[in-house]
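A.B. asks: Chains as they are written, first to last, in this note's numbering: chain A, 1 to 487; chain B, 1 to 132; chain C, 1 to 494.
Just so you know, these hints were derived from the structure itself, not from any lab. Quick caveat, the model's predicted, so the values are computed rather than measured. Backbone N, C-alpha and C fix where the C-beta goes; we use that ideal spot for every residue, glycine too. Hints should not be assumed to be uniformly reliable.
[To be verified] Pairs of lysine to any residue, SDA-like flavour, derived with a Cα cap of 20 Å: (1) C/K98 to C/H25; (2) C/K371 to C/A437; (3) C/K371 to A/E107; (4) C/K409 to A/I207; (5) C/K409 to A/A205.
[Said to hold, decoys possible] To be clear about the criterion: a stretch of chain A counts as covered by chain C if any three or more of its residues have a C-beta under 8 Å from a C-beta of chain C, and this derived list gives those stretches: (6) 56-66; (7) 137-146; (8) 151-165; (9) 389-400; (10) 467-475.
[As the list claims (entries may be wrong)] Just a sample of chain C residues kept apart from chain A, beta carbon distances all over 12 Å, derived: (11) A21; (12) L41; (13) L45; (14) A53; (15) I61; (16) W64; (17) E197; (18) A422.
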Amino acid sequence: MSIELLLALSLAVPAAGTLLILLLRENPNAREAASLVTAGALFAIVLRIYGVVSSGERPELVLAEPIRGIPIALEAEPLGVLFALIASFLWIVTTMYSIGYMRGHHEKNQTRFYVFFAFAIASVMGVAFAGNLFTLFVFYEILSLTTFPLVTHAGTDAARRAGRVYLGILFGTSIAFQLLAIVWTYAVAGTLDFQAGGILDGRLAGIAVPVLLGLFVFGIGKAAVMPFHRWLPAAMVAPTPVSALLHAVAVVKAGVFSVLKISVYVFGIDFLAGAGASVWLMWAAAATIILGSLVAFTKDNLKARLAYSTVSQLSYVVLGAMLANSWGVIGSGLHILMHAFGKITLFFCAGAIMVAAHKSEVSQLKGLGRTMPVTFGAFFIGTLSIVGLPPTGGSWSKWFLGVGSLEAGQVGLMAVLMVSSLLSLAYLMEIPLKGFFHKPDEPPHHEGIHEGPKWSLVAIVTTAVACLALFLYPEPFYRLMTMVAGP
Amino acid sequence: MSLDFFVSHYNYWVVIFLMMVGFYILISRGNLIKKIVGLNVFQTSVFMLYISMGKITGGTPPILVGDGHGGEAVEHVVYSNPLPHVLILTAIVVGIATTSVGLALAVRIKEAYGTLEEDEINRIEALVEASE
Amino acid sequence: MTAQLPILQIIVPLLAAPICAVLRHGRAAAWLAVLASWSALAIALALLGQVMAGGVVSYHIGDWVPPIGIEYRVDIVNAWVLVIVASMGAVVAPYSVKSVEHEIASRRIPLFYAAYLLCLSGLLGITITGDMFNVFVFLEISSLSAYALISLGRPRRALTAAYRYLIMGSVGATFIVIGIGLLYVMTGSLNMADLAELLPGVWDSRTVKVAYGFLGVGVCLKLALFPLHLWLPNAYAFAPSPVTAFMASTATKVAVYMLLRFFLSIFGAAFSFDVMALDRVLLPLALVAVVSMSLVAIFQVDVKRLLAYSSVAQIGYMILGLSFASVTGLTATLLHLFNHALMKGALFMALGCVVYRIGSVHIDAMAGLGKRMPWTMAAFVVGGLSLVGVPLTVGFISKWYLILGALEKGGPWTAVAVLVLATSVMALVYVWRVVEAAYLREFSGDETTGEAPLSLLAPTWVLVAANLYFGIDAVRTAGVARQAAEVLMAGIGS
Numbered sequence: 001m002s003i004e005l006l007l008a009l010s011l012a013v014p015a016a017g018t019l020l021i022l023l024l025r026e027n028p029n030a031r032e033a034a035s036l037v038t039a040g041a042l043f044a045i046v047l048r049i050y051g052v053v054s055s056g057e058r059p060e061l062v063l064a065e066p067i068r069g070i071p072i073a074l075e076a077e078p079l080g081v082l083f084a085l086i087a088s089f090l091w092i093v094t095t096m097y098s099i100g101y102m103r104g105h106h107e108k109n110q111t112r113f114y115v116f117f118a119f120a121i122a123s124v125m126g127v128a129f130a131g132n133l134f135t136l137f138v139f140y141e142i143l144s145l146t147t148f149p150l151v152t153h154a155g156t157d158a159a160r161r162a163g164r165v166y167l168g169i170l171f172g173t174s175i176a177f178q179l180l181a182i183v184w185t186y187a188v189a190g191t192l193d194f195q196a197g198g199i200l201d202g203r204l205a206g207i208a209v210p211v212l213l214g215l216f217v218f219g220i221g222k223a224a225v226m227p228f229h230r231w232l233p234a235a236m237v238a239p240t241p242v243s244a245l246l247h248a249v250a251v252v253k254a255g256v257f258s259v260l261k262i263s264v265y266v267f268g269i270d271f272l273a274g275a276g277a278s279v280w281l282m283w284a285a286a287a288t289i290i291l292g293s294l295v296a297f298t299k300d301n302l303k304a305r306l307a308y309s310t311v312s313q314l315s316y317v318v319l320g321a322m323l324a325n326s327w328g329v330i331g332s333g334l335h336i337l338m339h340a341f342g343k344i345t346l347f348f349c350a351g352a353i354m355v356a357a358h359k360s361e362v363s364q365l366k367g368l369g370r371t372m373p374v375t376f377g378a379f380f381i382g383t384l385s386i387v388g389l390p391p392t393g394g395s396w397s398k399w400f401l402g403v404g405s406l407e408a409g410q411v412g413l414m415a416v417l418m419v420s421s422l423l424s425l426a427y428l429m430e431i432p433l434k435g436f437f438h439k440p441d442e443p444p445h446h447e448g449i450h451e452g453p454k455w456s457l458v459a460i461v462t463t464a465v466a467c468l469a470l471f472l473y474p475e476p477f478y479r480l481m482t483m484v485a486g487p
Numbered sequence: 001m002s003l004d005f006f007v008s009h010y011n012y013w014v015v016i017f018l019m020m021v022g023f024y025i026l027i028s029r030g031n032l033i034k035k036i037v038g039l040n041v042f043q044t045s046v047f048m049l050y051i052s053m054g055k056i057t058g059g060t061p062p063i064l065v066g067d068g069h070g071g072e073a074v075e076h077v078v079y080s081n082p083l084p085h086v087l088i089l090t091a092i093v094v095g096i097a098t099t100s101v102g103l104a105l106a107v108r109i110k111e112a113y114g115t116l117e118e119d120e121i122n123r124i125e126a127l128v129e130a131s132e
Numbered sequence: 001m002t003a004q005l006p007i008l009q010i011i012v013p014l015l016a017a018p019i020c021a022v023l024r025h026g027r028a029a030a031w032l033a034v035l036a037s038w039s040a041l042a043i044a045l046a047l048l049g050q051v052m053a054g055g056v057v058s059y060h061i062g063d064w065v066p067p068i069g070i071e072y073r074v075d076i077v078n079a080w081v082l083v084i085v086a087s088m089g090a091v092v093a094p095y096s097v098k099s100v101e102h103e104i105a106s107r108r109i110p111l112f113y114a115a116y117l118l119c120l121s122g123l124l125g126i127t128i129t130g131d132m133f134n135v136f137v138f139l140e141i142s143s144l145s146a147y148a149l150i151s152l153g154r155p156r157r158a159l160t161a162a163y164r165y166l167i168m169g170s171v172g173a174t175f176i177v178i179g180i181g182l183l184y185v186m187t188g189s190l191n192m193a194d195l196a197e198l199l200p201g202v203w204d205s206r207t208v209k210v211a212y213g214f215l216g217v218g219v220c221l222k223l224a225l226f227p228l229h230l231w232l233p234n235a236y237a238f239a240p241s242p243v244t245a246f247m248a249s250t251a252t253k254v255a256v257y258m259l260l261r262f263f264l265s266i267f268g269a270a271f272s273f274d275v276m277a278l279d280r281v282l283l284p285l286a287l288v289a290v291v292s293m294s295l296v297a298i299f300q301v302d303v304k305r306l307l308a309y310s311s312v313a314q315i316g317y318m319i320l321g322l323s324f325a326s327v328t329g330l331t332a333t334l335l336h337l338f339n340h341a342l343m344k345g346a347l348f349m350a351l352g353c354v355v356y357r358i359g360s361v362h363i364d365a366m367a368g369l370g371k372r373m374p375w376t377m378a379a380f381v382v383g384g385l386s387l388v389g390v391p392l393t394v395g396f397i398s399k400w401y402l403i404l405g406a407l408e409k410g411g412p413w414t415a416v417a418v419l420v421l422a423t424s425v426m427a428l429v430y431v432w433r434v435v436e437a438a439y440l441r442e443f444s445g446d447e448t449t450g451e452a453p454l455s456l457l458a459p460t461w462v463l464v465a466a467n468l469y470f471g472i473d474a475v476r477t478a479g480v481a482r483q484a485a486e487v488l489m490a491g492i493g494s
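Chain A extracted, bound-state conformation (with noise of 0.2 Å):
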């Protein structure tokens, strides 16, 4: 099978399985069944094409041409084939993961649910793999659409205020920021293809450089940066499936995921450097990073807590691209990777919680750990990762991240990091050590309570577990990040 049809096919599969689910919505097992087919078919083949990308090859494959000369173009490269990793692969478990989850919870409109789930990663899939700046703003669009029936799902008044919120912050800034600076580029540099080294270099000068990236960075509202994060927080009304996969993984990764891929292929690390377009967002990430973390402390609903630090740890990931040097970019990269697999699985935990104890605050989880050992032991692991403390995955990526900032001379970007590993410490260790050591207070029992679905139990241990792996077994990841920006 040629290459380039699997890139066609990492967009088809997924939407065909849209099809395979709505063929079979009369029948709740079988569906299910298609859609775990499909996210194993889909891995499969961004498996392969890992293996063709691993070895240094850059298969391209061109849609359509809307304008002439800005193809909608499929290409993979090792970034995107990194982003593809993560969001097929965490696809598969949280799909297992959905299936207690929306049972145990008695959702109404499960079928739309999967569909729209099917959708929604098939369009990350065309932000992985775009081929150009174009391409890239046209599936990222389509993410947002996609992904809206997901957060209203409950279609109710809490939900439609939310999706207001959600399809207004991420509609409105990438019209209004990032169309404009896609546009512009294109005026300046009369391409949108992604280049090694970028294509502004030379064309681009002065107080420009720094403003365009600017609207990059903000038009990117999938990236959370302050204060155009309203949208995340607002997104958790959604089942906690979507909040997991798409509002801890693949939405918000699509965005910081553009983010570095724009700084990288766009801008070109040197140039950025050179031109020190990037230091003012810089600190603007430091301080979504900080003031995330403090915001975070102040919420006592758990899923709003995750949100402000998914806020905040989104942050590290455009702060490693802005640094412009290749140690901040492999950080950047595996952060994608190390904050994916830790944030999903804090999810999962409070969605498991959700449904087998129909708790939803921090205070009302005393004592709780006891009757729910494995979930409340995953949300341990998760929390390492997270805070970037071994034996997990999450150690690496900060590890990288600081080195970056020492190499930039940003002394003080270090200290953020700090500070904030310390916040995030504080604001998520609080929940298993409630969990394990406070007693319950009286009279709420947990009587009656035990794990989550057994389903969703599975997935939940999955994903702690590959935090673990992935403290020993970075290389491969490592490996991809360092054909993006050797150092």
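Could you slot chains B and C onto chain A? The hints should help.
C.D. replies: Leaving out everything else, chains B and C in the frame of chain A:
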């Protein structure tokens, strides 16, 4: 501006006067029939403009005239430009069509609202909207 | 036969109109109208083919040689507009068959089709003719039939809307006649190509400048440029659904064409931009139109009216492209003529489906329709996204060229680009209010309400598909638009 200039361009002054009168009626009157009258006066001013610009002092109608004895046609007669006159014939027809459509609408409006006064109609509509 | 295409373009619908009027049977008239409008489309496409292959097509009516005789002159610019008008006519005609039976008293149906075809031939006539006075005649043919069409709307306010349009439209047309008359005084010619040659000799004359002003105001009334748009919202809101769909996608487009033809081809781009400062006059008007009308649209509760205000805003985009005074800007204008016809056509036709089923397009009445009429509302969503300018739809292509045009000029024009994008966000707000109502609220109407019939849905989805197709493959449309823009900037002679 000399008196001479003023007098020699009298046709334009008439046109401008008619135009403004028509336009004023159109804007200021609330009665739908009177508006159409205004529109007519307004359009008439344009007809006058076209007709007067085709007219040449001392010109005859553009008909080839013989010498009265069955001889050759006289070629050197000064005649008015027929083209604007013909054009305005078309415009007059169009004007009549517009007027009739306008009047037909006025009749239908009278049937539907029971009045031809714009204020009345607006009041009725405001009431309907408020009651919804 | 092919030599006679220009005249057939007009004759076919023009002759079919009186036949429709005398046919007693509504359906028979409907199918005659469908046939006539499809033939018109075939002819328009053939003409575009001829022009693309062999350059300007000139047809002398009655074999009178221009400038004495009336000439029909088709170049790439009006061939393009002819295709737009004819294709909208061809799509709306079959759509009307059922829609009209629902919205108009049956004894008036044959007359409806007569007026429809007259309006179509009038619009085609304005576009195809190369004679100034002929423009006026066709303008009145299309306008008078449009007044009649609008007055056929069910709510009685359709009558007052039609009346108001009649008054403002007639004033506009009269202004145009005055302009034409003054030009004739100065040059003694009515032929467009001839005028384009003669006018540079009398550029300095005040009469020519006054003529320019009269023509400008007259045409801007017709194209509903802010602040001369007052007739439009009610006319669109209360007209029968197919009429709204047809008018919204053709009438204002032809008016924009008139503007381009008069000011760029006849007076010449140099005169318009350098002497008359047309760009500097139009720019603020266009910007105010785009911003204020988008804002007004956000607060409408009648969805048809909402889209009507959005139309005024979208016309602002077209004029904005013109005010860039560059080839890219004009390309954006010409592209948006086509693209806006597609999206507004699709949106108004989707609303027509809603009217067919629930009789209202009030935003509250449309609550929960997403489940009841999935295809209709899906069409609305795609059309709406196109209006916002989401990639893969035609709206994006227009916006792309518009922004590119602004950025090409650089400097303070960047602010214009920002404004265009900001108004896109406003478009998102007003479109999304409807989408939210349709999908996230509970349906409260009649339990038996179901999907619209296929004869309404099929034409609607033809337009929806066109929205997507020309959004994904715009190389051809953009190519034609660019070629047309170059012709316009160069003047009629070349």
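A.B. asks: If a hint holds in the structure, say so; if it doesn't, say that too.
C.D. replies: To see whether the hints hold, each was checked on the structure:
no.: 1; hint: C/K98 to C/H25; in the structure: holds (14 Å)
no.: 2; hint: C/K371 to C/A437; in the structure: holds (11 Å)
no.: 3; hint: C/K371 to A/E107; in the structure: holds (18 Å)
no.: 4; hint: C/K409 to A/I207; in the structure: holds (18 Å)
no.: 5; hint: C/K409 to A/A205; in the structure: holds (18 Å)
no.: 6; hint: 56-66; in the structure: holds (count 3)
no.: 7; hint: 137-146; in the structure: holds (count 5)
no.: 8; hint: 151-165; in the structure: holds (count 6)
no.: 9; hint: 389-400; in the structure: violated (count 0)
no.: 10; hint: 467-475; in the structure: violated (count 0)
no.: 11; hint: A21; in the structure: holds (44 Å)
no.: 12; hint: L41; in the structure: holds (25 Å)
no.: 13; hint: L45; in the structure: holds (22 Å)
no.: 14; hint: A53; in the structure: holds (21 Å)
no.: 15; hint: I61; in the structure: holds (39 Å)
no.: 16; hint: W64; in the structure: holds (43 Å)
no.: 17; hint: E197; in the structure: holds (35 Å)
no.: 18; hint: A422; in the structure: violated (6 Å)
Of the numbered hints stated above, those contradicted by the structure are hints 9, 10 and 18, listed in ascending order.
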